[in-house]
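In my numbering, the protein residues as written are 1 to 422.
Simulated from the structure, these hints should not be mistaken for laboratory data. Each hint should be verified, as a subset may be incorrect.
[To be verified] Heads up, simulated SDA-like pairs for lysine to any residue below, C-alpha to C-alpha not over 20 Å straight-line:
#	residue 1	residue 2
1	Lys106	Arg11
2	Lys373	Gly218
3	Lys68	Ser55
4	Lys309	Gly255
5	Lys313	Ile181
6	Lys20	Leu42
7	Lys172	Lys16
8	Lys149	Lys170
9	Lys313	Ile409
10	Lys299	Trp349
11	Lys78	Gly61
12	Lys313	Gln177
13	Lys404	Pro134
14	Lys371	Glu249
15	Lys106	Tyr259
16	Lys148	Ile133
17	Lys313	Lys148
18	Lys78	Leu63
19	Lys316	Asn296
20	Lys68	Thr79
21	Lys216	His281
22	Lys58	Lys76
23	Lys16	Gln346
24	Lys83	His112
25	Lys106	Ala95
26	Lys96	Lys78
27	Lys172	Ala190
28	Lys170	Glu145
29	Lys96	Leu42
30	Lys408	Leu141
31	Lys367	Thr79
32	Lys373	Asn296
33	Lys96	Asp186
34	Lys313	Thr344
35	Lys172	Asp374
36	Lys170	Lys309
37	Lys408	Leu136
38	Lys106	Gly327
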Amino acid sequence: MLQVAFIRENRADVIKRLEKRNLDASQMIDDVITLDEERRELQTKLDNTLAESNSISKEIGNLFKSGKAAEANVLKEKTTQLKEDSKALGEQLNAKAEALNNLLYKIPNVPHESVPNGNSDEDNEEIFIEGDIPKLHDGALPHWELAKKYDIIDFELGNKITGAGFPVYKGKGARLQRALIAYFLDKNTAAGYTEYQLPHLVNEASGFGTGQLPDKEGQMYHVGEDNLYLIPTAEVPGTNIFRDELLSENDLPIGITGYTPCFRREAGSYGAHVRGLNRLHQFDKVEIIRVEHPDNSYKAFEGMIDHVKNILKELKLPYRILRLCGGDVTFASALTYDFEVFSTAQDRWLEISSVSNFETFQANRLKLRFKNKDGKTQLCHTLNGSSLALPRVLAGILENYQTKDGIKIPEVLIPYTGFDKI
RNA sequence: GGAGAAAUGGCAGAGUGGUCGAAUGCGGCAGUCUUGAAAACUGUUGAGGGUCACACCUCCGGGGGUUCGAAUCCCUCUUUCUCCGCCA
């Protein structure tokens, strides 16, 4: 969430920049400022009341010690009213602070200046494109047909065991999944990221920390009995490592990577565009997460982009990079670049990675701070990106690498798969 | 699952009703010494709110209570450790 002090000091600018999200935030921003003023006023009143009763208590202590019990008892009566006052003020203050917080939770991050205007994914800006789109033989198939033809992914079996959106990978399909995970992790660790194995269920506090709660509660699977959530992305456990942390400046930058399955309810998405691997309830992803000094976060962002580019280049997949427009950039993000791979047999682009800089938006919620050179505490910047999400990369490989007599395996993956053709 | 113990600053660890935001050690920062570094010595060093700056307020796992006054007493929840049981 945004910092109140930042909103207060940059009121007009915040409103103007939020307009890029097609959001008129002026009312909310003004409410924040008013609520904050009221909150501080109550706080001062409460503080003064408490100060008075603290000093009386001290006096009472001294009087008792010097044997003046009668005088002490007179003072005791004075504190009764103060106690009532401070209780009432405390309740008002809590209510005010809660109202302020609830409002702050609803205000999205301020987009970076480079974010283009726009309403939907159609307004995203293509900033880079690379790789040759292969000419496929006649009768080239979309990946769900290929999966059946070569018996490497069984969607119906997943339906039987669990339900739609939980595919079963078999034989070379399963091995290819494992190969991709290992390959991605190796690339990430070679780039300096520390590998983590993270929990696949998280508690409520973690859900709030990265902002899935309270808003996107319906998108996560919830384990009611223990009040835990299945992670929709490794970002959640990975970033919550740093919840309530006060780092030293020397600790930065931090880069971690981890493979996890991801679970998404995807309530409300149906139709032809979700066929096959295009949209699943459970899928695999290797994530990269960075904690950065604010001065360095955009440089780090570029570094992450280059890193993902390098992987796609090695896989020899045709891809493009989009700078998301104000209408499409996610709630917590200031700047997001999406990577899309061209799926030749479907004749469409598939999103395979999304790299974002959240600046201090997540860190403010997480209370992730560092002590700067002057000894002051300051919020860190957080960033994350997929490196990479498996299913659509797999779709891209199957479709782009298909030949009349089998699917070739990208060269860099052969050491991981142990075979060069499906 | 049963029995017991515990949760304190960046970390370790004292503190059982007022003089405690909290001893001590480590770590961090600054300085002295040194060609430089290390060691040693000296000083400094929790977080949040509030203020131009002070003052002041809050915080000793979370929540509630007793009391004029709570890190300290009571209730409750959570977590950790030890022993027993079960077990990949």
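Here is how each hint holds up against the structure:
Of the pairs offered as hints, the one joining Lys106 and Arg11 holds, with about 16 Å between alpha carbons and a cut-off of 20 Å not exceeded. Taken as a hint, the Lys373 and Gly218 pair is broken in the structure, with Cα atoms around 42 Å apart against an allowance of 20 Å. Restraint check for Lys68 and Ser55: the C-alpha separation of about 17 Å stays at or below 20 Å, so the hint holds. For the hint linking Lys309 to Gly255, the alpha-carbon distance of about 18 Å falls within 20 Å, and the restraint holds.
Simply put, Lys313 and Ile181 have alpha-carbon atoms about 17 Å apart, close enough for the 20 Å limit, and the pair holds. Restraint check: the Cα-Cα separation between Lys20 and Leu42 comes to about 35 Å, which exceeds 20 Å; the hinted pair is violated. Pair hint Lys172 plus Lys16 does not hold up; C-alpha atoms about 52 Å apart against a cutoff of 20 Å. Only pairs whose Cα atoms come within 20 Å are accepted, and Lys149 paired with Lys170 is accepted, the gap being roughly 12 Å.
Proposed proximity of Lys313 and Ile409 is supported: the alpha carbons are some 14 Å apart, at most 20 Å. With a C-alpha separation of about 27 Å, the suggested pair Lys299 and Trp349 falls outside the 20 Å cut-off, and the hint is violated. Restraint check for Lys78 and Gly61: satisfied, since their Cα atoms lie roughly 14 Å apart, inside the 20 Å limit. Between Lys313 and Gln177 the CA atoms are separated by roughly 19 Å; this keeps the pair inside 20 Å, and the hint holds.
Among the hinted pairs, Lys404 with Pro134 is consistent with the structure: their alpha-carbon atoms are about 14 Å apart, no more than 20 Å. Note on Lys371 and Glu249: the hinted pairing holds, with a Cα-Cα distance of about 6 Å set against a maximum of 20 Å. Straight-line distance between C-alpha atoms of Lys106 and Tyr259 comes to about 30 Å, which puts the hinted pair past the 20 Å bound. Annotation: proposed proximity of Lys148 to Ile133 is violated, straight-line Cα distance about 24 Å (limit 20 Å).
Taken as a hint, the Lys313 and Lys148 pair is broken in the structure, with Cα atoms around 28 Å apart against an allowance of 20 Å. The suggested pairing of Lys78 with Leu63 holds, with an alpha-carbon distance near 15 Å, which does not exceed 20 Å. With a C-alpha separation of about 30 Å, the suggested pair Lys316 and Asn296 falls outside the 20 Å cut-off, and the hint is violated. Between Lys68 and Thr79 the CA atoms are separated by roughly 17 Å; this keeps the pair inside 20 Å, and the hint holds.
The straight-line distance between the Cα atoms of Lys216 and His281 is roughly 15 Å, inside the 20 Å bound, and the hint therefore holds. For a cut-off of 20 Å, the pair hint linking Lys58 to Lys76 stands: about 11 Å separates their Cα positions. The hinted pair formed by Lys16 and Gln346 fails the criterion: a straight-line CA distance of about 40 Å is larger than 20 Å. Taking the CA atoms of Lys83 and His112, the gap is about 48 Å. The hint is violated against a cut of 20 Å.
Using a Cα cut-off of 20 Å, the hinted pair Lys106 and Ala95 holds, with the two alpha carbons roughly 17 Å apart. Pair hint Lys96 plus Lys78 does not hold up; C-alpha atoms about 28 Å apart against a cutoff of 20 Å. Proximity of Lys172 to Ala190 is assessed by CA-CA distance (about 26 Å); at most 20 Å being required, the pair is judged violated. For the hint linking Lys170 to Glu145, the alpha-carbon distance of about 15 Å falls within 20 Å, and the restraint holds.
The straight-line distance between the Cα atoms of Lys96 and Leu42 is roughly 9 Å, inside the 20 Å bound, and the hint therefore holds. For the hint pairing Lys408 with Leu141, the CA-to-CA distance comes to about 14 Å; that is within 20 Å, so the pair holds. Pair hint Lys367 plus Thr79 does not hold up; C-alpha atoms about 36 Å apart against a cutoff of 20 Å. Proximity of Lys373 to Asn296 is assessed by CA-CA distance (about 15 Å); at most 20 Å being required, the pair is judged to hold.
With a CA separation close to 49 Å, the supplied pair Lys96 and Asp186 exceeds the 20 Å bound. Among the hinted pairs, Lys313 with Thr344 is consistent with the structure: their alpha-carbon atoms are about 17 Å apart, no more than 20 Å. At most 20 Å may separate the alpha-carbon atoms for a hinted pair to count; Lys172 and Asp374 exceed this at roughly 56 Å. Simply put, Lys170 and Lys309 have alpha-carbon atoms about 29 Å apart, too far for the 20 Å limit, and the pair is violated.
In summary, the hint linking Lys408 to Leu136 is supported, as the alpha carbons are separated by about 13 Å, within the 20 Å threshold. Proposed proximity of Lys106 and Gly327 is supported: the alpha carbons are some 16 Å apart, at most 20 Å.
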